[in-house]
Amino acid sequence: MISLISDENRKLLKNRIVQGILLLYCLLFIYFAVDIIFFTHRGYDKYDGEFAIFSGLEAIKWEKEQCMPFDGKVLDEDFLAEAEKRFGFQYDVCSCEIYSVYNCFIDRTPMGTVYDPVTGTATVGTVIEGFKKIEDVIPASSVPALYRYSGGYEVLCQKLSFVGILSVAASLIISALVFSGEYTAGTDVLLLTSKFGRSRLAVAKTLSGIIICTGVFLLFSLLTALLCFSFYGFSGADGDIRLSLMRNADEITTENLRFFGNAVTNAEFTGFIILVFFSAILIVSTSALLISALSHGSFSALSITFAVFSFPLAVRAIVHSYEYIVPYSATDSCFALFPVILIADWSKTLWWGISYNIAGENYPYAVIFPLIALVLSAVFVFLSIFAYGKRRLRCVGV
Amino acid sequence: MKGDELVIDRLTKNFGNKIAVDRLSFSFSPGVYALLGSNGAGKTTLMRLICDILSPSSGEVRFNGREIGSLGENYRDILGYLPQSFGFYPNFTAEKFLFYMASLKGIDKKTAEKRIEELLESVSLSDEKKQKIKTFSGGMKQRLGIAQAMLSEPRVLILDEPTAGLDPKERVRFRNLLSVFSKDRIVIISTHIVSDIEHIADKILIMKNGELIRSGTAEELTDKIKDRVYEISTSYERLCEIEEKYTVININTEGENAVIRILSDEKPTENAKKCEARLEDLYLYCFNDSGVKK
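Chains as they are written, first to last, in the numbering used here: chain A, 4 to 401; chain B, 1290 to 1583.
Derived by calculation from the structure, the hints in this document are not laboratory data.
Treat the hints loosely; a few may be bogus.
Said to hold, decoys possible - Below 25 Å or equal to it, Euclidean Cα-Cα: the simulated SDA-like pairs (lysine to any residue) are:
{"id": "1", "chain 1": "B", "residue 1": "K1385", "chain 2": "A", "residue 2": "G23"}
{"id": "2", "chain 1": "B", "residue 1": "K1421", "chain 2": "B", "residue 2": "E1407"}
{"id": "3", "chain 1": "B", "residue 1": "K1419", "chain 2": "A", "residue 2": "D10"}
Assemble the whole structure, with the sequences as input and the hints as a guide.
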């Protein structure tokens, strides 16, 4: 069986479409390297501001108005007092929380709405306006606060989201070709008369599809991690994502502060990203394999697969607009975690929706989701093997 | 040593209302068997039923007394099959493709290496073994297909139109290869090309509309039409008249006249010469619905 699987792997890797997908991965990796070497990594800069002083220490500039500071000190007493009054933080426990409080004042939605917790009103504006508002309200502070450094994890999580989305889309195509490619090439007739029965062949093909899809994702995730760590180092693994990962922290709004009990570190969060995408790849590849086993050719397999997977996109679009009107509900959160949506929804809202779910009240979904994915994948695998095993050839020449 | 026996017993295959194979029974023992029949006669369906790729509507195929479905892997292990139409992996080299097929047939690497070397030599593809299949001509692909069918030295070899696309030299080479290979094995070949099987087939099975209408050795079969093949030398003006009346097998030009080989139940003209019947004559006799009363 092992040799059969390795043969199937080799055959799949020789497929032109699969080779094209692998080339895409390589190009994405090159882009990551260029981005890190020439842009993100060079973003290190000295930073001092009125709001906080980073006494001679480095801060990573993300954008002009935003910075990712580390080992700095927040000086603003009024800010700290206001934050304590409103949210009851104990700054001496975790100085990093300052950042979240800071963030509360600019509760941004993807459309750029600025939420003012003081008046409770939301106005359409920009991030810069939000920052200005804070600068107006809060004078210089003298209370020191330490910020954590987590630049490597910040960049890694961002890059992993790209690898993950590409992997889900790639596994959809690769898996759809596993069985149907044989029908289209006309090679199925050779396989069906081989020593191994249909069921064993189906098992080998299914496992091969899953191995390639998940293997490529894990390989490129590992390479991306190595790339990030080689430039940023490993430090920050135990940092809290709500605070140290700026973009993740953006999602933690005033509304969500009550979920602060669920602390997740940068390393854990990175692990979750990999786990969520791994589960998504598993479920997408196995369901595409089933479609492939039932199809009579690559074209129909790919068409049906895309049709099936783009249907939830339409549903998602409706739900997505709904989210602006009502608060994020647990049902929506669960729905947002569904992998089929991951494939198509490139918006960062969804992505941060997942991180929010991991950090927030729906934290258990992050654990349940891989389990659900595993069970569903097992069902799809069984059905694929059954479908292919029972399959008989259409007769040619009658 | 008692040879293998492959029995098809009242085998029937329907595709909807169409009966592709109709209650066909035959017993194969080691030797070369040729399946002759026009397009749609049911040859390919029969072969696929024998290979257990298709399941019969009724009846069964038994190998050494056991139904092939129940033999499963043990049956496929002794089976070699060249399909009529099939595809290759275009990015594989000929050698890699055969190694892959060897792996599918459960042949160990060392044995496979030796066997692949021999077979590539036999089908004249040794020089092209490192070339990708996508660069191969139709004939080369067909030879590679023959090689894969023979890879596991099967005791039952099924070849569906094996000589399609082969040039005359390769066809002769294939016939010789098969003659050597067929010793103590059951070899079933389907073809339209009568000359391919005339010299190598021990028995010929003629199929029409899914039924087995005749079977026997080439001599036994041609014996049935031995007094019905004639040759007439006539002018080209009379050619149309003869063509309308009889089944014309061959026309040769001889000076101003045409020498026509025809099938006829009675002597067609005074100058007609009786000829020795060939398998091709029988084929036309069986599959031509006009001219000759059967």
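Tested hints:
1. B:K1385 / A:G23: holds (21 Å)
2. B:K1421 / B:E1407: With Cα atoms ~19 Å apart, B:K1421 and B:E1407 stay inside 25 Å; holds.
3. B:K1419 / A:D10: holds (18 Å)
Comparing the model with each numbered hint stated earlier shows that all of them hold.
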